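Student: Residue numbers (the working numbering), protein chains in the order written: chain B, 1 to 454; chain L, 1 to 454.
Don't read these hints as lab results, they were simulated from the structure.
Do not take every clue at face value.
Identical chains share a label here; the pair holds if one copy fits it or two copies do between them.
Claimed, not checked - Straight-line C-alpha distance at most 25 Å; calculated BS3-like pairs for lysine-lysine: (1) 252 - 6; (2) 451 - 321; (3) 6 - 91; (4) 76 - 407; (5) 91 - 401; (6) 76 - 252.
The structure presented is a predicted model; accordingly, all values stated were derived computationally and were not measured.
Protein chains: 2
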Amino acid sequence: MNEPTKILLDESELPRRWYNVLADLPSPPPPVLHPGTLQPVGPDDLAPLFPMDLILQEVATDRYVDIPADVLDVYKLWRPSPLYRAHRLEKALGTPAKIFYKYEGVSPAGSHKPNTAVPQAYYNAAAGIRRLTTETGAGQWGTALAFACSQYGLDCEVWQVRASYDQKPYRKIMIETFGGVIHPSPSDLTAAGRAVLAAHPDSPGSLGIAISEAVEVAAQNPDTNYALGSVLNHVLLHQTVIGEEAIAQFAKVGLAPDVIVGCTGGGSNFGGLAFPFLREKLAGRMDVTIRAVEPASCPSLTKGVYAYDFGDTAGMTPLMKMHTLGHDFIPDPIHAGGLRYHGMSPLISHVYELGLIEAVSKTQRECFEAGVRFARTEGIVPAPEPTHALAACVEEALRCKETGEEKVILTALCGHGHLDLAAYGAYLAGDLVDHELSETEVASAVAALPKVPA
Amino acid sequence: MNEPTKILLDESELPRRWYNVLADLPSPPPPVLHPGTLQPVGPDDLAPLFPMDLILQEVATDRYVDIPADVLDVYKLWRPSPLYRAHRLEKALGTPAKIFYKYEGVSPAGSHKPNTAVPQAYYNAAAGIRRLTTETGAGQWGTALAFACSQYGLDCEVWQVRASYDQKPYRKIMIETFGGVIHPSPSDLTAAGRAVLAAHPDSPGSLGIAISEAVEVAAQNPDTNYALGSVLNHVLLHQTVIGEEAIAQFAKVGLAPDVIVGCTGGGSNFGGLAFPFLREKLAGRMDVTIRAVEPASCPSLTKGVYAYDFGDTAGMTPLMKMHTLGHDFIPDPIHAGGLRYHGMSPLISHVYELGLIEAVSKTQRECFEAGVRFARTEGIVPAPEPTHALAACVEEALRCKETGEEKVILTALCGHGHLDLAAYGAYLAGDLVDHELSETEVASAVAALPKVPA
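In isolation and in its complexed conformation, chain B is listed as follows (with noise of 0.2 Å):
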């Protein structure tokens, strides 16, 4: 163990610039269409929700995009993210394959979500902007954009999925304890929870409900504006300060990677950690496999159709060109939370389908059963999401053991499970089920497309 188990970066090392993937791929993606004219949307149909910064940012086309001081300050309280070399998690696999994992659960929310929280809130308030508006499921979007509002001075309102608002109060207690006010979904507070709540006194609430909701009191307020944690371009191009970093911590011990793996829900971690590689591959500078990971349960890369479809279930949102699963596909009640979307950012799905990158899905057990090996041998509790990415990397790394080969294995470790551990007291006590999506679920489901012109 002479080769260090902490790769780290300085302050003075932060990368001072996103990267826009889509300056380099060989071709664009599929316009976003307005869901009444089927159109192409544009810069002033998104204006209501979203501030004129952002907006450009969802379009641009330049390969880099400056950070802002001030959005760089405040990556400063946790950022750069170590890079670990997972000697003991090795040793325990016995394999000769060398596995690295990129670490954001140091983050003041636990996870990824706040590189893209902190400089939505920073345009926003540079717009004049009071208040943001979001849903939460399980509450790691809620809390990046509560802590990054309290660092603008914004007001910060969010919308949590009823279930998740009783069945996780610390993730309420956090919110609040950053400043946020939190409302259970559906609420009285808009006309679309009060007409969900008229129908369904006692409804769970679902994520499109809430989007609904934060969606309204946005567009219907001047001083108000929305935020979104996944999916969107912009919201990857944030993200990818964690690839630029990690790129520069291979550099330092002279390795690449030759895998990357990293879980799929919305696709914003996964689009963050391997956009910067793909830009090196496609430039021919790296010779790296990037696989992403996704619940059996709710596998829209590997199983899904790519198709034009609403982005919420209420079908509010303009129509993305994505893989998805239908737009009211409800997914099984998993553990990973934030990987129980039915569609897919449309950028991976692009790049995707241009054959750039690989998916392949995995059960939650198999997914809880690498969590306790790593947090046996690594002393990190992961959050569920990122079992994912970390069942492939021993199954690759085992795959390594029969072969002899000495691979280099990325692993995109996104948040810590602190306020996840009642799914590991589940899967300890033997009762979680799991279950992989047919065929016939998935044709079933995907029926409901929306009908687009090709």
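Go by the hints and put chain L onto chain B.
Tutor: Just chain L now, with coordinates in the frame of chain B:
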């Protein structure tokens, strides 16, 4: 903000030895006494519970003890820990003071506890021990020992106070995730537990009962030892990596603290940070005020007596001369569970008697107010224990604001509060009650101290 936010050390700068403050004190502390004979205890008295390496460290007078290579390798999973400059807290307070905090929440258990859990597990494993037993209250120590045992292939068995076991299921799950076995105390697994249950079938338990159970199992099984997370000399010795790193980190920015504030329960986090600085002070190389902060409802240093007392409630341990409120004192159920100890480390007590450190007390609402302010500025939700240090830090920084002094303040931030969010919920809901222990209550509490001839 051109000065760095985080001052990091490379792994190669990890301290290679622990510091023993005994070597530099003007007089030794009074001996620990056998409760039956009232004679000083010898190594053989401790051999049924501890391996000889730790017993020798407990009585060592050498200035330094080398850290074994296998311990350093595990330390590298999170050490050196970062020293932060609290730019944003300073700005929010409008103080000319420079505030720094040494953050131990980056460890696997989320606190400073693994600094000693790891070497304790290592020395026990090296001595051929197969299992460690311990007690835990809120759960920080049990988590740390379970993690440490997982690193050296030891079984770990934890007796957790029944009230905490029922109220804090996440801690139980985290201990199990690290491979530990956890029992609510009182349990029917020990004579001590069965005796309590016979008299009080619904007993909520206490730290004293849990210690009795863990000690009983260790004493009766040759392959099993017992481990303690604070109070003892060897525990504080292991924690000095905190202060040694901080000294090296301050040297990197050409500064030294004028004031150090840290919370004290059993004293291990405070001693770990403060003792290396005390060495510098005693040698005339630094002029630093060192201030212990304790809860107003459990003020052993500021209101207790300096006398021989038992370390546990049941009166089974050797007698230690320390600041105590009496071994049968039951502190209010404040949320800083780690500070609810009737006594104080004999080393800290001795140093306090020598006039080398100061002590103050704080009520819990002032502490949580400081904790919330810290979260909203610095992004870290502190554990309830270090909010005591933060309250004293804020007080000192506001004093500097009045006087215009640009003091350098160093705060011990010994852990995060991710598993203590219920306490923040109670604070934010206005449900917390303050209780400053009165002189009458103290007098009543210390009336039952054991009689030891001077």
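Student: Each hint should be assessed against the structure and marked as holding or not.
Tutor: Hints and how they fare:
{"no.": "1", "hint": "252 - 6", "result": "both (11 Å within a copy, 20 Å between copies)"}
{"no.": "2", "hint": "451 - 321", "result": "within (12 Å within a copy, 81 Å between copies)"}
{"no.": "3", "hint": "6 - 91", "result": "within (16 Å within a copy, 32 Å between copies)"}
{"no.": "4", "hint": "76 - 407", "result": "between (32 Å within a copy, 23 Å between copies)"}
{"no.": "5", "hint": "91 - 401", "result": "within (11 Å within a copy, 53 Å between copies)"}
{"no.": "6", "hint": "76 - 252", "result": "both (20 Å within a copy, 18 Å between copies)"}
Checked against the numbered hints given earlier, this structure breaks none of them.
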